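Which chain is which? The protein sequence lines are X and Y, in order.
In terms of full-length UniProt numbering, the first sequence has 76 at position 76, counting the first letter as 1, and numbering is strictly consecutive.
In terms of full-length UniProt numbering, the second sequence has 245 at position 245, counting the first letter as 1, and numbering is strictly consecutive.
Please note: incorrect hints may appear among the correct ones.
[Unchecked claim] No farther apart than 27 Å at their CA atoms in a straight line, the calculated lysine-lysine pairs in the DSS-like style are these:
| no. | chain 1 | residue 1 | chain 2 | residue 2 |
| --- | --- | --- | --- | --- |
| 1 | X | K298 | Y | K107 |
| 2 | X | K290 | Y | K117 |
| 3 | X | K290 | Y | K207 |
[Claimed, not checked] Restraint-style ranges between C-beta atoms, simulated for each label pair:
| no. | chain 1 | residue 1 | chain 2 | residue 2 | range |
| --- | --- | --- | --- | --- | --- |
| 4 | Y | R468 | X | N216 | 29 to 39 Å |
| 5 | X | D264 | Y | N291 | 28 to 38 Å |
| 6 | X | D264 | Y | W729 | 54 to 64 Å |
| 7 | X | N216 | Y | M419 | 35 to 45 Å |
| 8 | Y | N161 | X | G267 | 37 to 47 Å |
| 9 | X | Q357 | Y | E392 | 30 to 40 Å |
| 10 | X | G239 | Y | Q469 | 40 to 50 Å |
| 11 | Y | M419 | X | E215 | 51 to 61 Å |
| 12 | X | N177 | Y | E180 | 34 to 44 Å |
| 13 | X | S213 | Y | K120 | 51 to 61 Å |
| 14 | X | Q357 | Y | N161 | 55 to 65 Å |
| 15 | Y | F163 | X | G267 | 48 to 58 Å |
| 16 | X | T73 | Y | E180 | 52 to 62 Å |
| 17 | Y | N291 | X | N216 | 46 to 56 Å |
Hints were generated in silico from the structure; no laboratory data involved.
Predicted model only: the values in this text are computed from it and were never measured.
Even for Gly, the Cβ is constructed at its ideal location relative to N, Cα and C.
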Amino acid sequence: MGEERCPGVGDHDTGGNVAEELFPWFGLDIGGTLVKLVYFEPKDITAEEEEEEVENLKSIRKYLTSNVAYGSTGIRDVHLELKDLTLCGRKGNLHFIRFPTHDMPAFIQMGSEKHFSSLHTTLCATGGGAYKFEQDFRTMSDLELCKLDELDCLIKGVLYIDSVGFNGHSECYYFENPTDAERCRKLPFNLENPYPLLLVNIGSGVSILAVYSKENYKRVTGTSLGGGTFFGLCCLLTGCSTFEEALEMASHGDSTKVDKLVRDIYGGDYERFGLPGWAVASSFGNMMSKEKRDSVSKEDLAKATLITITNNIGSIARMCALNENINRVVFVGNFLRINTISMRLLAYALDYWSKGQLKALFLEHEGYFGAVGALLELLDSA
Amino acid sequence: MSWQNRVWILSTRNLKTVSGGSLTKLAYYSTVQHKVARVRSFDHSGKDIENEPLYEISVQEEITARLHFIKFENTYIETCLDFIKDHLVNTETKVIKATGGGAYKFKDLIEKKLGLKVDKEDVMTCLIKGCNFVLRNIPHEVFAYQKDSDTEFRFQTNHPNIFPYLLVNIGSGVSIVKVETEDKFEWIGGSSIGGGTFWGLGALLTKTKKFDELLQLASKGQHTNVDMLVKDVYGGAYQTLGLSGNLIASSFGKSTTADKEFSKEDMAKSLLHMISNDIGQLACLYAKIHNLDKIYFGGFFIRGHPVTMRTITYSINFFSKGEVQALFLRHEGYLGAIGAFLKGAEQDNPNQYSWGENYAGSSGLMSTSPDVYPLQRTRSGTFDMLEMDRLERPLVNLPLLKDPSTYIPDTVDLTDDAMARKYWLTCFEEALDGVAKRAAASQPDSVDALERAEKFRQKYWNKLQTLRQQPFAYGTLTVRSLLDTREHCLNEFNFPDPYSKVKQKENGIALKCFQSVIESLDSLGWEERQFALVKGLLAGNVFDWGAKAVSEVLESEPQFGFEEAKSKLQERPWLEDSYSQWLERLKEGPPHKCALIFADNSGIDIILGVFPFVRELLSRGTEVILACNSGPALNDITYSESLIVAERIAAMDPVIQSALKEEKLLLVQTGSSSPCLDLSRLDKGLAVLVRERKTDLVIIEGMGRAIHTNYYAALKCESLKLAVIKNSWLADRLGGKIFSVIFKYEVPCK
């Protein structure tokens, strides 16, 4: 993978400055639900450069960096911005922007209006949408996408961001005492020697990769029960309309009203199999009864949905880690954005069921690694 | 159901309930009194033998042990408990074994109603015990589900070694258990996403309350309207990635919007896929870690629902890339009840016995696919039963089977072969009136014989109709299973041996001819005699009351005899003809050490066909084990009849006499009461003898044993399969005419 060079990448006539890719520098990851865009804003532009810079480029930079929201759905995650980054010899800030995939047509339209194609840049994109929207980019805004492998980009992005850190802090963290709600704390984790690691990317669906080195990795499995499932079911069950709303509801709910626990069946622990009474025996199991269906709130349902999906991902990840003989599991993907409940639960579940053998790790830039990887591909090829 | 003529000895120790979910399963042990035919030699001293029958036939009462398993809806629990109470006798132990969620739920009710203490047994222990029991005792217990095939279920041959396996029980949650030996099993994992999730979440999403209705909705839905597929993410370009565009990328990924309505059917389907795929994936992960390739699925999520079997099978195939097979059990719903029973009966050790399914008393496996058989669904939903008869003697493999794990007794799988199925079902339907008539006629002194014969007719007719609709109801449908079911139904209505008188008469007539047949054989030269012996065996085999063409001749031509039968036979070359190789073997090779012969019909077949052949083998220095059925089937000779026949022949023939005396000729029973032959379920005594005597030749005679079954059976030693085809349809199929001859001599390749 990654052997094929994209046509057009790095072979522009740059007037002697061969090593440098022309601005603007973008990396795009078009997923099933969300589009992730990273943009490098150079801060070291010389007066000479500024003079040469075309109007278009200036206006794009200005538009992206002076706003935190774009249209009604685009959002810049200001808190994730990486400041004073040196990338390919240039200093600048890395911006993280996301918008829903269903707004892709509007985005492409904008590219056309802003005459993006006149900038002679290459747009590096990954994710399924790179394939799906390739033709639209071509016909609507005269842009050739450079399609990049999703998993290559993901791993590249993870390793890079972890290596540069998060504005002086650690990118990677874990939860200390995950099984003890009182004493549970988020702590930095040093991922200096990352291999081998199991990378669990939770977007709309879930991909699980075993990574042995920078180049040596494989997709182990995946599941269709992912962030899209949580959000989709919540929409159906509660009538909510945003991911944030769904999570907010979940945070106020009680899933034990919805789920059937081991203790609901056995009156306590099921000792024969070493199952604790608090473990979920049947997700939504109480909902088989009409009275109980009538007595639960939307919040309870949202919480149960979150717990169900999260526990399932945890147990598949745990089985894969066992099969691959890996004990560090890194969870990424936008499902984890503002989702402390799931992160803590994953940390807890991995620790508990593996009897402390497995460690769940998380990264601050949750869902942006694919886009970062795409940007790096652009620069690497220069 | 017919519960007449049964004595219920229901001690509480023997009464087990498994209450799981909305169905209660009850297991109990009873002794069943039924009639058996007995033969007894007369004391002929000083009597005029000429006009006396050969032996005395009597019908006696016999008590056998039977295990009953009943399944009914919980709403009937009180009625059921009343029933148990009425039949409870001899309650010394005051404990009843119960398992499952209902054991807690109905504990008080049971204790109050029956005045017994409920002893709760661990669910999983019972489940595993029950599973081991059915895997060991019921042929065709296991099946795989196959889509887009004439029959949905593909039955598997029982592997002699059932361990290790993975049992995935999908109840409200999922339990994954690794079973290594009879007593060693381990819970290796589970998942909370199970049947309860489908039901609970499904009820919330679709406002549909019942599990069955949810499945019905799911079977009509389109999950692609709700799920986000790979092609939804990748557009049309997914082909270039080597991915299937139809894979689900995100379950419910398309419902991430508040302003769109989704149909109940589509949501139910999406939910079904989500849950089945998830369970399949986990099961495969566990199978991989523990290095297992057999996964049995059970629990209410699976129970008889082709919809869920299909999605689970799909998932297992997908995630294991075909390396693991999803398997299902015909009596899956009874495992807990069987296990609870076995647990309570441990001191009697039911595992030391062999058990056989009584087809007459068991409801078959119903396809509950709502689309396919709407009628049967309602019929079978509430009440279902399984009966297992305890066999007097344990059954084992014939030690001479080349590969017991791949041995399949039956030649044609009628579940697979629609044409053959249609023919045979019609054939059995057409013969039914005659069989019922004969059954009634066999008991002229019984006042209710006609009535019972009619009940038998009705019952077997209904079984045949069920099999027309659901050929897989009792495992793989074969001519053997049709014949066996008929025998079981006859027994059920106290017709233990409708042909007893026919057999008695024919044995008498044939015995009278024995000496002259021997004399004429002895007058022949060696080579001529060998051929005459084979021809005699074949001619004897014509006398088969089970074959319509023959029974018509025998009914209308009382004079039809041995010579007439010989004249009916096809001339050589026969349809299957390796006689020359056989003759060569006799001429050139050393005498066989010991021959095992499976006999077929009584009368001319055994007396004028088999015995002269046996006599020749004995003269060559070959020992002979003559195996006859333990119980009656059609006009096949039974073991007890063979003893009398042998005794009478011995009185006339010194060769036979001394061979019996010196134990060079041994009469044994097969352990079977079938007109066909399953070499994987034979009497243990027979197997021991076969080994001791170093048997190196097996002779299988007759259509039922050598054509309907065992035609392709591979053995470790030389074998002879011979039969006369007395059915024109079958003859046609094999490329011959009626009365074509099969003479198949096989030598195992080195």
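Consistency of the hints with the structure:
This hinted pair does not check out: K298/X and K107/Y have alpha carbons roughly 35 Å apart, beyond 27 Å. Under the criterion of a C-alpha separation no larger than 27 Å, the hint pairing K290/X with K117/Y is inconsistent with the structure, at around 32 Å. For a cut-off of 27 Å, the pair hint linking K290/X to K207/Y stands: about 10 Å separates their Cα positions. For the pair R468/Y and N216/X, the beta carbons lie near 59 Å from each other, so the given range of 29 to 39 Å is not met.
Checked against the hint of 28 to 38 Å, the pair D264/X and N291/Y passes, with Cβ atoms roughly 34 Å apart. In this structure, D264/X and W729/Y meet the distance hint of 54 to 64 Å, their C-beta atoms being roughly 60 Å apart. For the hinted restraint 35 to 45 Å between N216/X and M419/Y, the CB-CB distance of approximately 56 Å leaves it violated. A hinted range of 37 to 47 Å for the beta carbons of N161/Y and G267/X is consistent with their spacing of about 38 Å.
For Q357/X and E392/Y, the Cβ-Cβ distance of about 54 Å falls outside the hinted range of 30 to 40 Å, so the restraint is violated. One distance hint, 40 to 50 Å for the beta-carbon pair G239/X and Q469/Y, holds here, with the actual separation near 45 Å. Between M419/Y and E215/X the beta carbons are some 59 Å apart, a value that agrees with the proposed interval 51 to 61 Å. The beta-carbon spacing between N177/X and E180/Y, approximately 37 Å, falls within the hinted interval of 34 to 44 Å.
Separation of S213/X from K120/Y is about 54 Å and conforms to the stated range, judged on CB atoms against 51 to 61 Å. Evaluation of the 55 to 65 Å hint for Q357/X and N161/Y yields a failure: the beta carbon distance comes to about 33 Å. Restraint check, F163/Y to G267/X: a C-beta distance of roughly 33 Å breaks the suggested window 48 to 58 Å. Distance hint for T73/X and E180/Y: a CB-CB separation of about 56 Å, consistent with the stated range 52 to 62 Å.
With their beta carbons about 25 Å apart, N291/Y and N216/X fall outside the hinted range of 46 to 56 Å.
When the structure is compared with the earlier hints, violations turn up for hints 1, 2, 4, 7, 9, 14, 15 and 17 and for no others.
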